[in-house]
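Peer 1: Listed below, chain by chain, are the residues.
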Amino acid sequence: MIEIKDLHKSYKIGKNLLHVLKGINIDIKEGELVAIMGSSGSGKSTLLNILGMLDAADKGSYTLDGVPIKNLDETKAAKYRNKFLGFVFQSFNLINYKTAVENVALPLYYQKVGRKERYDKAMQYLEKVGLADWSSHLPSELSGGQKQRIAIARALAAQPKVLLADEPTGALDSTTSYEVMNLIQNINDEGKTILVVTHEDDIAQMCKRVVVLKDGVIIEDKKVNQVRASEHV
Amino acid sequence: MFKRDSWQEIFETISKNKLRTFLSGFTVALGIFIFVILFGFGNGLKNSFQEFFMDDATNIFRLFPGRTNLPYKGFKSGRDIEFDNADLAAIKKNFAFQLQYITPRIQRNFTVKYKNKSNNYGLRAVGPGHQRAEKTIMMKGRFINNQDVTNKTKYAVIGRLVEEDIFNGEDALGKFIDIGKRSFKVVGVFQDDGGDNEERFVYIPYTTNQLIEKNTDKVGQLIVAFKPIIGYDGAMKFEEELMAFMKKRHAISPKDEGAIYLRNVADDLEQNQQFGNLLQMVVTFVGIGTLIAGIIGISNIMVYVVKERTKELGIRKALGATPRSVIAMILQESIFITTAAGYIGLFSGIFLLNYIGDALDDYFIKNPFINMGTALFATIILIIFGAIAGYVPARRAARIKPIVALRDE
Numbered sequence: 669m670i671e672i673k674d675l676h677k678s679y680k681i682g683k684n685l686l687h688v689l690k691g692i693n694i695d696i697k698e699g700e701l702v703a704i705m706g707s708s709g710s711g712k713s714t715l716l717n718i719l720g721m722l723d724a725a726d727k728g729s730y731t732l733d734g735v736p737i738k739n740l741d742e743t744k745a746a747k748y749r750n751k752f753l754g755f756v757f758q759s760f761n762l763i764n765y766k767t768a769v770e771n772v773a774l775p776l777y778y779q780k781v782g783r784k785e786r787y788d789k790a791m792q793y794l795e796k797v798g799l800a801d802w803s804s805h806l807p808s809e810l811s812g813g814q815k816q817r818i819a820i821a822r823a824l825a826a827q828p829k830v831l832l833a834d835e836p837t838g839a840l841d842s843t844t845s846y847e848v849m850n851l852i853q854n855i856n857d858e859g860k861t862i863l864v865v866t867h868e869d870d871i872a873q874m875c876k877r878v879v880v881l882k883d884g885v886i887i888e889d890k891k892v893n894q895v896r897a898s899e900h901v
Numbered sequence: 011m012f013k014r015d016s017w018q019e020i021f022e023t024i025s026k027n028k029l030r031t032f033l034s035g036f037t038v039a040l041g042i043f044i045f046v047i048l049f050g051f052g053n054g055l056k057n058s059f060q061e062f063f064m065d066d067a068t069n070i071f072r073l074f075p076g077r078t079n080l081p082y083k084g085f086k087s088g089r090d091i092e093f094d095n096a097d098l099a100a101i102k103k104n105f106a107f108q109l110q111y112i113t114p115r116i117q118r119n120f121t122v123k124y125k126n127k128s129n130n131y132g133l134r135a136v137g138p139g140h141q142r143a144e145k146t147i148m149m150k151g152r153f154i155n156n157q158d159v160t161n162k163t164k165y166a167v168i169g170r171l172v173e174e175d176i177f178n179g180e181d182a183l184g185k186f187i188d189i190g191k192r193s194f195k196v197v198g199v200f201q202d203d204g205g206d207n208e209e210r211f212v213y214i215p216y217t218t219n220q221l222i223e224k225n226t227d228k229v230g231q232l233i234v235a236f237k238p239i240i241g242y243d244g245a246m247k248f249e250e251e252l253m254a255f256m257k258k259r260h261a262i263s264p265k266d267e268g269a270i271y272l273r274n275v276a277d278d279l280e281q282n283q284q285f286g287n288l289l290q291m292v293v294t295f296v297g298i299g300t301l302i303a304g305i306i307g308i309s310n311i312m313v314y315v316v317k318e319r320t321k322e323l324g325i326r327k328a329l330g331a332t333p334r335s336v337i338a339m340i341l342q343e344s345i346f347i348t349t350a351a352g353y354i355g356l357f358s359g360i361f362l363l364n365y366i367g368d369a370l371d372d373y374f375i376k377n378p379f380i381n382m383g384t385a386l387f388a389t390i391i392l393i394i395f396g397a398i399a400g401y402v403p404a405r406r407a408a409r410i411k412p413i414v415a416l417r418d419e
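Heads up: the sequence lines are chains A and B, in that order. Following our numbering, the numbering of the first sequence begins with 669 at its first residue and continues without gaps. Following our numbering, the numbering of the second sequence begins with 11 at its first residue and continues without gaps.
Treat the hints as calculated values from the structure; they're not laboratory data. No experiment lies behind these values; they were computed from the predicted model shown. One or more of the hints may lead you astray.
[Unchecked claim] DSBU-like cross-link-like pairs, simulated, lysine-lysine; straight-line CA separation at most 35 Å:
| no. | chain 1 | residue 1 | chain 2 | residue 2 |
| --- | --- | --- | --- | --- |
| 1 | A | K747 | B | K28 |
| 2 | B | K83 | A | K784 |
| 3 | A | K751 | B | K258 |
| 4 | A | K796 | B | K26 |
| 5 | A | K690 | A | K796 |
| 6 | A | K784 | B | K28 |
| 7 | A | K690 | A | K751 |
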C-alpha cells in the first residue's frame, strides 16, 4: 500500500540546513495498523506530512497504492488527498459551525457526491462510530472523545485507502483514548490501512507494528502482539 | 450539479455565520445608502441652485439703450440713444420669423399706498410678454394683457410681498392703490421663484406709463424673445442681425460698442451652468469618496473574514478542497453578500430620497434624486471591488499549506 524508499527531507532554518529525514525506508502492506513513535524532533511529524502530501520530499520515492507521488501541484495534491487519504488530527479540526453530520459529509462534497447521497453516507459513518443520535449537534456541544469519533467518521467517509492519525489520543484522557483506539482497531479489522503517530507506549502497543524514529532514521521496526483496547474500556 | 451544490454550501455558510455576514453586508449597504443619499442631496442642491439663478426664460435678449462713442453720419459722439414704440413695431415686423415675443420694460420707483399703509416699490411698465420672460406666476387675477396696452388702462399687477406689506391681510384683488399720485386697480397678484426681491414689484401697462409721462413714446429697455426652435446658432445670428438693424435705425456706427448694450441670457446661462458643473463636481467627488470608503471597509472585512477562516480553509484543503475551490467559495460568498446588501442599500436610499421629496426645501435641497444608472453603477463598482478585495486574501489563504493552517495556536 505504502512504499517509501530512501526518503530525505531537510529544512532551511536561517543559513543552516536542518536534515530532518535521513533516508527512510518503509513498506506498509494493506490492512496494517502501524504506530510511528519517536520523541519530538525525531522527524515523525515530517514523515506524516510527506505521507499526507502536505509536504514534498527532497529525495527518494513514495508510492501510494501503486501511484507514484511526486511533482504534485496544489490542485493535484488536493485531489489525491481526497481520494487516498483520511486525516485524523490531535485537535480534531472539525468545522465549528457545521453539525456533526455536515462535518462528516464534507469530504464527499469535494468528491462531488450528490447532496442526498452525501447525507446518507455521512449518517452511515456516524452510525459506525456510534454517534448517529448526535448528528445534528455542533462540535461545541460534544465531548472530546465524541469529537474525535466524528473526525474519524469524517476521515472514513471519503473511503480513503489509508487513514493517517496524528496523535489521535493526544488531547484525550486515557479512558476516552482507549475508546478511540478501540474504534481505530475495529476499522482496521475491516481491512483499512491505518498509520498512527503517537508518543504514548500503550497506544503504540494497541497497533500491530511499531516503527520508532530517532534523529531522522528508523531505529526499530517490529511487529507487536496487539493489545485490544476493548479490554481496557 | 456541482454549481447548485456549491451555492447551497455557501448559503449554509452565510446563514451559520450571521455576524460575519451582517458585518460585511452592513458595510456595503451603508456605503451604497450614504452614496445614494449624498448624491441625491447634491442633485437637490443643484435643483435649488437652478431655480434661484435660472428663474427667467433662457431664450431672451435684453437691449439697453446707451450713449454713442463714435461720430457717425453727421452726428457727434456722446449722443443718448432711446428706444421708442416705432422700434418695437419695426422689430416685430422685420424679425417675424425668429421673434417669439417682445416687450418693453420701463423701470421706475414709486411710493405705493393702500389706505394708510405705503411703501417704496419698483415699478415696471411692461407688455404682456414680460410674464413669460420673467416666468412670473399668477397667484390670483391676471397679468397685463394686450387690451390693457391698447387702452392704456390704469390696472396694476402687484407682487405677493407687496400685498403682504401694505394690504394687512386684505385681498388686494379689485382694490385701488395709489402709485405716486395716481390710482390703479389691482387686477392680479403674482409670485416669482427668483426670490423675495422679485416679489416686491408692481407691473403696469407700458402704454399707461407713457401716457403719464406726458404721452412720450419712449420704452426704456427691450426684452426680445426668440423662438427656441432656431437653436443656439440661430440665436447668435439673430443677435447679430438685431444689433445691426438697431444700429442702422438709430444711425449708430457699426463699430460703436457703447450705444446699445445687448445681454444674451444664453451667455448668462453658460456661466450659471459652469457653476452648476462645479456643484456637480463636488457631488461627484463626495460620491467617489463615499465609494472609496465603502471599498476600504469591505476590503478590511474581507481580510478579517479570510483570516478568521484560515483554519477552516486548512481543514477543507486537507479534506480535498483544491485552491481553486477555496478561492471560488470565498469569492462567491463575498459577491453574493455584497450584491444582496448593495441592493438593500440602494433601494433603501432611493426610498428615503423619495420619502424626503420636498421636505428639505428650506435647506436648499429641492427634490433630491439619483439617476438609477448612477446608483446601479456605484453598486456594481462596490461589488467588483468587494470581489477583488476578497480575492487577494483568498488567494493567499488558498496557498497556505494545510499543515500550517492547522497548526495549533
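Peer 1: For each hint, tell me whether it holds in the structure or not.
Peer 2: Hint by hint, here is what the structure shows:
Taking the CA atoms of K747/A and K28/B, the gap is near 31 Å; set against the 35 Å cutoff, the hint holds. With a CA separation close to 105 Å, the supplied pair K83/B and K784/A exceeds the 35 Å bound. For the suggested pair K751/A and K258/B, the alpha carbons sit about 100 Å apart, so the restraint of at most 35 Å is broken. As the CA atoms of K796/A and K26/B are separated by approximately 27 Å, the hinted pair is consistent with the 35 Å bound.
At roughly 40 Å between alpha-carbon atoms, K690/A and K796/A are farther apart than 35 Å, so this suggested pair is violated. The straight-line distance between the Cα atoms of K784/A and K28/B is roughly 25 Å, inside the 35 Å bound, and the hint therefore holds. The suggested pairing of K690/A with K751/A holds, with an alpha-carbon distance near 29 Å, which does not exceed 35 Å.
When the structure is compared with the earlier hints, violations turn up for hints 2, 3, 5 and for no others.
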